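Residue numbers (the working numbering), protein chains in the order written: chain A, 1 to 375; chain B, 1 to 271.
Hints are computed from structural coordinates only; laboratory data are not their basis.
All of these numbers come straight from a predicted model, not from anything done at the bench.
Treat the hints with care, as some may be off.
To be verified - When the alpha-carbon atoms are kept at most 25 angstroms apart in a straight line, the in silico DSS-like pairs for lysine-lysine are as follows:
no., chain 1, residue 1, chain 2, residue 2
1, A, K107, B, K260
2, A, K111, B, K263
3, B, K263, A, K114
4, B, K15, A, K107
5, B, K8, A, K252
6, B, K260, A, K111
7, B, K260, A, K114
To be verified - Far from chain B, by Cβ distances over 10 angstroms, these chain A residues were calculated:
no., residue
8, Y5
9, G67
10, G102
11, E110
12, Q162
13, D257
14, M266
For each residue, glycine too, the CB sits at the ideal point set by N, CA and C.
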Amino acid sequence: MTADYAIETIDLVKRYPTSRRSETGGAFFHHGPRSVQSLGGILSAIKGTEGPFIEALRGVNLKIKRGEFFGVLGPNGAGKTTLIKILCTLVLYDAGEVYVNGFNLEKEPEKVLKVLQAVLPESRGFSWRLTGRQNLEFYALLYGLKEKEAKKRIEYLLKFTQLEDRADDGYQRYSTGMQRKLLLCRTLLRDTPILLFDEPTVGLDPASAAEFRRMLNERLVKEEGKTILASTHNLYEAQEMCDRIAIIDRGKITACDTPDNIRYKMFEEKIINIAFQDARFDNEKDKMLDSLQEMSGFYGVTPEIDPDGSFRGISIRVDKNINLSSILEVVIRSGLRIWKINTVEPTLEDAFIAITGQRPGEPPGVRGFRRWRFR
Amino acid sequence: MEIPIGLKQVIAFTKRDFHSWITYKTAALTHLINIFVGVFSWGVRAAYVQKPVSEMYGSDYISFLVVGVAVSNLIMPLATGLRRQLNPWTLETILMTAVSTPVFVIGNVMWSYIFSIITFIPYLTIGIYVFGVQLNANIPCTILAFLISAAILMGLTMIATGFRIVTKSEDPITWAINVLENLFAGIAFPVVYLDVIFFPGISTFSWFLPQTWVFHLCRLSMLTNPSLLDPTTQTQFLQGAIFAFILFPVGYRIFQWGVKRSKREGTLGWY
């Protein structure tokens, strides 16, 4: 255990009883309190189950530094929400250790909640008939903020989220984007150093999502130095915002690094497209292609030749560490004039698919072998 | 003759709802029991409305009934307030604020209770001036009766809520409490009538129900002007207090068990 990290998990394990999941179809929202269930169902719910269990988290080890924007990526059902709910004390774990700002989550949950707050998409907890400001005042009281301090903080947060003009409107009149902003206000009321977000921009239109991302990244992490852990299956979001990401698949962390490193480490190859100017395909050019293929670290070439013999360019597949100048030397020696070169980099989505065998957001079970594609 | 499409559609809706309804066998059974309890309760009221209730309170039936209704409206929000606030959207969020269980429970019923106290006065005023209700209240006893009643009902509510968090359904405890209350707790008629309706001695069972004590202590305080110095009154209050002393901590533990169990199973957000 160390207080050097904002969040640290050591061999974290969480098992869920499968019978309880199947009763409700695993849905987070049951259809409201119903009339009396069958007595057998109620008794088995009260008695609990000895199994079988599904392992939502299987020995998760994470070390998240202070002031870091850390993303957790994974397909649906990979364990992202479970991890976040464990950290904010809404789910109890079965084995392992969790430390938040050095506090042991199991032994000191109250202290953990004083340094960490979470935004969960399904947990709004606002009264529809109250105004945005009244809702925030209610939570400020629950958090134990003094009246003057609360008022000042609420004003600051409403301004921060650009909600001040609509603060005295009823919550029921808020758009999805405004509701999300109010949720952010509530999460920031306590001014905790660590924030958790489960799918931070889900349900937001592209403009609101971009604004929300900017707010998190530029204001909260870069200016205020907060630590953010966000789960997402929006890879663009992850690549844009996160300092580091962990890819979680079937309850296990399968990769953890910066988005760029994850992209590069996953692949041994890259594609280079070279376009030529005023070139025609002839024997000399054919020999040039042969020379390229003899080079070490060269895996293949696709020439682009028009029916009239114009040599437009080549697309070559090479080792990611190949020396580009040696390729260019061969090309130029054949008398070709290079008009444009571009390297096609693997995207985070390519890496994600290579690691998990799934596209982000795909449900478990739609798993199959997919080859890495270049774009 | 061809059945009009509108009628066919109505039949389709009806068939769908019927097929859905018969899948809830326990619900269907409990619904039938509720009908029986309702008819029984109203039947007894109709049959005994003209008779005096002097056996227990030395009062007339209308005073007995109005006080019962007023008390019912005063204390029942304790049972419904928490339930109304309990949904995944608020529960998870509130728990993340790290409020303690007593604050959570009391906080969620407090406004309902304050509002009930406000509406308690019009109930009695209408009863007194419109229906000629004759109150003979002892204020210290009434306050004590309300405190004991509140503790009993909060205990029952916490028990029901704890189970409901785990079972995710209308729990059998709440349902059984409601049925037993309507049948045996003497809300609408003195429990001694049960001996006449069923068989002698059955009213003894009523005294094992906590709700009976809720209504009995309140009526005793408001209709008979008892003295807290009177040993008989003291015994009555002590018996009611025993229920409160048992139910409140038990309810608290069951509520905490429900939350913990739900956290362990990861079902806190399901409802």
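Hint-by-hint comparison with the structure:
no., hint, in the structure
1, A:K107 <-> B:K260, "14 angstroms, holds"
2, A:K111 <-> B:K263, "18 angstroms, holds"
3, B:K263 <-> A:K114, "19 angstroms, holds"
4, B:K15 <-> A:K107, "54 angstroms, violated"
5, B:K8 <-> A:K252, "54 angstroms, violated"
6, B:K260 <-> A:K111, "18 angstroms, holds"
7, B:K260 <-> A:K114, "20 angstroms, holds"
8, Y5, "21 angstroms, holds"
9, G67, "23 angstroms, holds"
10, G102, "18 angstroms, holds"
11, E110, "5 angstroms, violated"
12, Q162, "23 angstroms, holds"
13, D257, "29 angstroms, holds"
14, M266, "32 angstroms, holds"
When held up to the earlier numbered hints, the structure conflicts with 4, 5, 11 and fits the remainder.
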